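J.: Take a look at the letters that make up each chain.
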Amino acid sequence: MNDLHTLLSRVVASGGVRLVDLTQTLSPDFPPIVLPPEMGQCRPFRMEEVSRYDARGPAWYWNNLSFGEHTGTHFDAPIHWISGRDLPNNALDELPVQNFIAPACVIDCSGEAQADADFLLTKDHVAAFEKQHGRIAAGSWVLMRTDWSKRTDPVAYQNLDDTGQHTPGPDPDCVRFLVTERDVLGFGTETIGTDAGQAAHFTPPYPCHYYMHGAGKYGLQCLCNLDLLPATGALVIAAPLKILDGSGSPLRVLALVPVAA
Amino acid sequence: MSDTAQRPKRKNPILRTRLPTLPPGTRSRVALGLTAAAAYGRFKLQVCEQCGAVQYPPRELCHDCLSHRLLWRIQDGSGELLTDTVLRAAQELFFRERLPWRVGLIRLDAGVNVIAYLHARVGAAPCRVRVETALDRAGQAVLVAVPEGGRLDLSDDPRLREFACDPRGRKILVSDGKSPVGQAVVRALADAGADLIWTGGAEPWKKIAGFEALRALQPVQPVPLDLTDSRSVRSLAGEIGGKVDIVINTADCHRTFGIAAHHGVETAQLEMDVNYFGLLRLAQEFAPALKARAADGAANAVAWVNVLSIFALANYPPHGTYSASKAAALSLSQALRAELKPAGVRVINIFPGPIDDDWDQLIMPPKLAPAALAGAIIDALQGAVEDVYPGDVAQDWLARRLDNPKALEREAGEGGL
Numbered sequence: 001m002n003d004l005h006t007l008l009s010r011v012v013a014s015g016g017v018r019l020v021d022l023t024q025t026l027s028p029d030f031p032p033i034v035l036p037p038e039m040g041q042c043r044p045f046r047m048e049e050v051s052r053y054d055a056r057g058p059a060w061y062w063n064n065l066s067f068g069e070h071t072g073t074h075f076d077a078p079i080h081w082i083s084g085r086d087l088p089n090n091a092l093d094e095l096p097v098q099n100f101i102a103p104a105c106v107i108d109c110s111g112e113a114q115a116d117a118d119f120l121l122t123k124d125h126v127a128a129f130e131k132q133h134g135r136i137a138a139g140s141w142v143l144m145r146t147d148w149s150k151r152t153d154p155v156a157y158q159n160l161d162d163t164g165q166h167t168p169g170p171d172p173d174c175v176r177f178l179v180t181e182r183d184v185l186g187f188g189t190e191t192i193g194t195d196a197g198q199a200a201h202f203t204p205p206y207p208c209h210y211y212m213h214g215a216g217k218y219g220l221q222c223l224c225n226l227d228l229l230p231a232t233g234a235l236v237i238a239a240p241l242k243i244l245d246g247s248g249s250p251l252r253v254l255a256l257v258p259v260a261a
Numbered sequence: 001m002s003d004t005a006q007r008p009k010r011k012n013p014i015l016r017t018r019l020p021t022l023p024p025g026t027r028s029r030v031a032l033g034l035t036a037a038a039a040y041g042r043f044k045l046q047v048c049e050q051c052g053a054v055q056y057p058p059r060e061l062c063h064d065c066l067s068h069r070l071l072w073r074i075q076d077g078s079g080e081l082l083t084d085t086v087l088r089a090a091q092e093l094f095f096r097e098r099l100p101w102r103v104g105l106i107r108l109d110a111g112v113n114v115i116a117y118l119h120a121r122v123g124a125a126p127c128r129v130r131v132e133t134a135l136d137r138a139g140q141a142v143l144v145a146v147p148e149g150g151r152l153d154l155s156d157d158p159r160l161r162e163f164a165c166d167p168r169g170r171k172i173l174v175s176d177g178k179s180p181v182g183q184a185v186v187r188a189l190a191d192a193g194a195d196l197i198w199t200g201g202a203e204p205w206k207k208i209a210g211f212e213a214l215r216a217l218q219p220v221q222p223v224p225l226d227l228t229d230s231r232s233v234r235s236l237a238g239e240i241g242g243k244v245d246i247v248i249n250t251a252d253c254h255r256t257f258g259i260a261a262h263h264g265v266e267t268a269q270l271e272m273d274v275n276y277f278g279l280l281r282l283a284q285e286f287a288p289a290l291k292a293r294a295a296d297g298a299a300n301a302v303a304w305v306n307v308l309s310i311f312a313l314a315n316y317p318p319h320g321t322y323s324a325s326k327a328a329a330l331s332l333s334q335a336l337r338a339e340l341k342p343a344g345v346r347v348i349n350i351f352p353g354p355i356d357d358d359w360d361q362l363i364m365p366p367k368l369a370p371a372a373l374a375g376a377i378i379d380a381l382q383g384a385v386e387d388v389y390p391g392d393v394a395q396d397w398l399a400r401r402l403d404n405p406k407a408l409e410r411e412a413g414e415g416g417l
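Chains as they are written, first to last, in this note's numbering: chain A, 1 to 261; chain B, 1 to 417.
Since the hints were made in silico from the structure, they are not lab data. It should be emphasised that the depicted structure is a prediction, and the values quoted were computed from it without experimental measurement. By construction, the Cβ of each residue, glycine as well, lies at the ideal position given by its N, Cα and C atoms. Among these hints, one or two may not hold up.
DSSO-like, lysine-lysine: derived pairs with alpha carbons at most 27 Å apart [unchecked claim]:
(1) A:K150 with B:K207
(2) B:K11 with B:K291
(3) A:K150 with B:K206
(4) B:K367 with B:K171
If you only want the chain B side, here are some residues facing chain A, beta carbon under 10 Å, derived [claimed, not checked]:
(5) E49
(6) Y117
(7) R121
(8) E203
(9) G210
(10) D356
(11) D360
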């Protein structure tokens, strides 16, 4: 069988592989990142109807969309951060396409994140994960499962108070370890941002952005359904839009999960 | 207190909803001078520059010396009611539906005779009165006589009440209740007796203490509304559009940038998206239902209020892109005014100067308190004007603009307020 499509279809149809959608619906109600109002803002997802089988276009329905590159379930390229600005092939139109299909390690922090919205993933947590599931292979996505995506109320999802956002993320040491010791492909979260909500106060600020992108690694955020993935063994397809000099893009993220026979 | 204090009886749904009728709205170009002043609450008549004779009705040449140099000057309106009469028959549909209607002939102390509507509190002729202007439902200036020493209270007259847009007993949408101005407007409407205040709020994850506190006010009902999101506006209009009597658009995006000091267009687009396109979205979704309910009983749809800015009149370069977005909104409001005019729904534009809020922090006083702006909106709704310049700075800009718009452009261009 030399036809890849047929092969893959049969594997899926036979129940040997499950397809999991890790993508949130792009909608005007999905909250964007919150920054102080005097700063430049990420435009939230908006759609304007062009026609809907009416005088504006009698037989067709379509919309014009507008949104920031970092809206909804989205991909961060190295050029997004100042630490990655001088790297070669750091923008969306230059990224090596082979990186768009990669294995994923899923670290379950759902219990910790439920107990503490400011929970930080540390090197010790990663060590415990590796002890149970084996060493994180180079070129893997590391996905931090927090079940944060189950917060369907945008207010609870943002979780802002007068000291800013309170969402879980990795601590600086952990990110350094994943980059230098494990050479991961990138880091993915269920929250708005690969960094914790309070990461502006870390050293360096936003360590996941700073170290990951500084080393040419990627980010995935606003993922969902991570609870449907195994700790290891899933293959993630995450191909961002090919935008000239693009720093990131919303995308459809799919996982292929082997089903134990 | 007037009988509008009681909540109007609910409508009988098997009867046809009445359609609006308007008083005669045609005026000559020169007669529009009366409307131009009445639009912001002034009573002006032409005065001959050559011989000093006051003119009425408005005309091209002085009735006394035939000079064409007639200038519109503010009048104090004092005079004597010479005779009064009651209309009991009329061919005009507007009056036919509202008879009887009392009018009088007044000799102004300025030396001319005028025919004016008589407020219910004016006694039988002869007596001293004061004449004021009001905009009628056709948007044109009319003269109204009140007892000498009194002020025009439209709510106190069963006929003239219709010239106002009193919030008492009405259902009102405030498009943004989260800003300091929005909060103040909602509170003022509650104090003024509004029946229901749908209080819009965007971005629910951004908690504003003052906005949350509005929930304690009895008529307040918070609703999700984001003027940058067409779906949000459409969805709210689908829910409440057919019930709204007054729309007050308080939504405002104010950033403080000029051209050279801020790179790119993103921030300016956001300002336009709220201040201009937001008004367009709101108008497309809510104006049709307002028009349809313009004669729907005592709590009919009556008004649309836009909170603009004096910077819509002349660009203030330190807030250059904001000024441009407000100028765009002003232009669109004129289209809205024209489209709502056949229904008699009044579009009221508010032109505040700098407001005492975060975005005008670095502007020197005097600055308009949000509560003062809200009070000006209530006054405008209870009165019969369509352009409001609340506070000292706005009044100064109005005077300078009437005097010399080019000079105002130059002064504002040099950063002067």
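J.: Hints first: check each against the structure and report whether it holds.
T.: Against the structure, the hints come out as follows:
1. Taking the CA atoms of A:K150 and B:K207, the gap is near 21 Å; set against the 27 Å cutoff, the hint holds.
2. Using a Cα cut-off of 27 Å, the hinted pair B:K11 and B:K291 holds, with the two alpha carbons roughly 17 Å apart.
3. Between A:K150 and B:K206 the CA atoms are separated by roughly 20 Å; this keeps the pair inside 27 Å, and the hint holds.
4. Between B:K367 and B:K171 the alpha-carbon distance is near 30 Å, which puts this suggested pair outside the 27 Å criterion.
5. Using the Cβ-Cβ criterion of 10 Å, the hint placing B:E49 at the interface with chain A is not satisfied: the shortest such distance is roughly 51 Å.
6. This hint is violated: B:Y117 has a C-beta 45 Å from the nearest C-beta of chain A, more than the 10 Å allowed.
7. The restraint placing B:R121 at the interface with chain A is violated, with a minimum CB-CB distance near 50 Å, outside the 10 Å limit.
8. Satisfaction of the interface hint for B:E203 is found here, the shortest Cβ-Cβ separation to chain A being roughly 8 Å, below the 10 Å cut-off.
9. Look at B:G210: its Cβ only gets to about 13 Å from chain A, farther than 10 Å, so that hint breaks.
10. The interface hint given for B:D356 is violated, since its Cβ lies 18 Å from the closest Cβ of chain A, which is over the 10 Å cut-off.
11. The interface hint given for B:D360 is broken, as the beta carbon of that residue sits about 13 Å from the closest beta carbon of chain A, more than 10 Å.
Checked against the numbered hints above, the structure violates hints 4, 5, 6, 7, 9, 10, 11; every other hint is satisfied.
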